[in-house]
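Student: The primary structure of each chain is shown beneath.
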Amino acid sequence: MARSEQGIEVEGLVRRFKDVVAVAGIDLTISPGEIYGFLGPNGAGKSTTVHMLTTLLPPTAGRATVAGFDVVKQGPKVRASIGAALQEAALDPFLTGREHLRLQSSLHGITGQARKELIARLLDRVGLTQAGDRKVRTYSGGMKRRLDLALALIHDPSILFLDEPTTGLDPQSRTALWDEVGRLARDEGVTVFLTTQYLEEADVLADRVGIIDHGHIVAEGTPARLKAEIGRPTVEVVPELPDELGRLRTLLGRFGVETAARPGAFAVQLNGHGDLPAVIRSLDTENLRAAEINLHQPTLDDVFLAKTGRTLEGSEDG
Amino acid sequence: MWLIARRSVVRTFRQPGVWIPPLTFPLMLMAVNSNGLRAATHLPGFPTRSFLAFFLPFSFLQGALFASGIAGTDLARDIDTGFLNRLALTPVRGAALLLGQIGGAVGLGAIQAVVYLGVGLAAGVHIDSGVPGAFLILVLAVLIATGWGTLGLWIALRTGSGEGVQSQFPLLFFATFISSMNLPRNLIEVKWFRDIATINPVSYMIEGLRSLVLVGWDAQALALGFFFAFALIACSMALATRQLKVRMTRT
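Chains as they are written, first to last, in our numbering: chain A, 1203 to 1520; chain B, 34 to 284.
Treat the hints with care, since some could be wrong.
[Said to hold, decoys possible] No farther apart than 30 Å at their CA atoms in a straight line, the calculated lysine-lysine pairs in the BS3-like style are these:
#1 B:278 with A:1279
#2 A:1337 with A:1318
#3 B:224 with A:1275
#4 A:1220 with B:278
[Unchecked claim] Rough simulated footprint, nothing fancy, chain B against chain A, three-plus residues with beta-carbon under 8 Å:
#5 1249 to 1263
#6 1286 to 1293
[To be verified] One-sided and incomplete, this derived list gives chain B residues near chain A with beta-carbon spacing under 8 Å:
#7 121
#8 215
#9 219
In short, the hints are calculated from the structure, not lab data.
Every value quoted in this text rests on a predicted model; they were computed, and no experiment measured them.
Just so it is clear, CB atoms sit at the ideal spot from N, CA and C, and this is done for glycine as well.
Put together the whole structure using the sequences plus the hints.
Tutor: Right, dumping it as structure tokens:
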């Protein structure tokens, strides 16, 4: 399929389930070839948004176009343009990887030699050539996710939806999947809409990030801009002598606002980006010896904290 | 449709725990009942001296009932795992999806019918309608399996869970028992039982099959048997199609 000239446009998208507002009027613009990370805790509205954009769930209100097609009025055209790997690898444990690909490609009208070659190519791309004829129930979580990705790519979609693609995967499988998704966007111009609850994933992979909480987008931008916008570095100092923690508190208090620290340490979020040398000089001047000094750059979790008053990691608000 | 049906058949036959009990349990019941209830053949008006020949058609019904459970449970699992969503994202039509999903149950129903008939013939049952009648028995048995299988799909789409499907199974089983499975309706003395058996479509499906074994070519019994088999398919398909639209809300 030729790459779409259009990405995803969303205006005031709403989805209610009886009295519960899962998505409360979001606006998005995602350019072709962009990797957009949709970050938020469980129950924030990420999957509901994906279901609406992939035509599986009609919106209650608002408008969305995917690859230039309206998700309500042009469902079949949207589906022909997109690939989706939804939450939980939706696979049949009693079929082999190759049988899955055969079924999926045939349902998309790909048959004969073209299908055979496509399946071989996709199995190779996701590293499942050797395991292609094994039943899926023998696959590891990472292998299932890779097969899921291959199935989403079977009809060469211009837009790919990945709903928490690396949840439950080991670090090695996660990195392999990130590499493949990055390659798809970089080399093939595929637009990727990726939901995740992993900060690192959004940070590493996404060109832009939207943070959703309680159905609202609370922040949006490149990871670097979001962090620069609200996050200042945090300095954490462990005094060499534990009874000097009080002196340390007074000293560091001059450079920033107290923030969470490990037991036996004291930390402040610095007032300015260039304050670390001044902190070190002050420690030296006041003869306060430090066992450890750590400088933490702001993370997307800091952004989430600033926007919602809660930390993202471990946040499960249903 | 054929692609989904093929997958349904493949997955069914790759799970021995799914297809062995439906294949063997009706045979065991047939063996037990044909011996234990043999005395019923001495009742005045009982249509045959062989209770095995009388009971054989019920095995097809019972096999079909298992098919219902298999089709329903498989679809419920597809809903639960998100496989139905995967199919919904392809150009496949809803009707093709439903017809394909019962492929495994129909395939199993066909094999069951051949096995039951083969065992019956090996045990000495004589098919009065001959070879064409035996073929028609297989056709009607597959139609009945299709009807029950589709009913299983409706239950799965309605409940969305394997547990939901399993919980309905005893009700369907009960419905097959309050029929003319063990006695001809005219010999059932308990009025309420006879009345329920008379309005129970299962009785007519059994009697359609039974007529081919015991009577030969009984047009009325066959017409009623086929009518209720087709009616079951039509009603179940209508219910399942409607429920699929509720479950699969793609635009």
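Student: Could you run down the list of hints and mark each one as holding or not?
Tutor: Hint by hint, here is what the structure shows:
1. B:278 with A:1279: With Cα atoms ~19 Å apart, residue 278 of chain B and residue 1279 of chain A stay inside 30 Å; holds.
2. A:1337 with A:1318: holds (18 Å)
3. B:224 with A:1275: violated (58 Å)
4. A:1220 with B:278: holds (19 Å)
5. 1249 to 1263: holds (count 5)
6. 1286 to 1293: Three-residue rule met by the stretch 1286 to 1293 of chain A, so holds; n is 6.
7. 121: holds (6 Å)
8. 215: Violated - the Cβ of residue 215 of chain B stays beyond 8 Å from chain A, reaching only about 37 Å at its closest.
9. 219: Hint on residue 219 of chain B: violated, closest Cβ of chain A at ~47 Å, above 8 Å.
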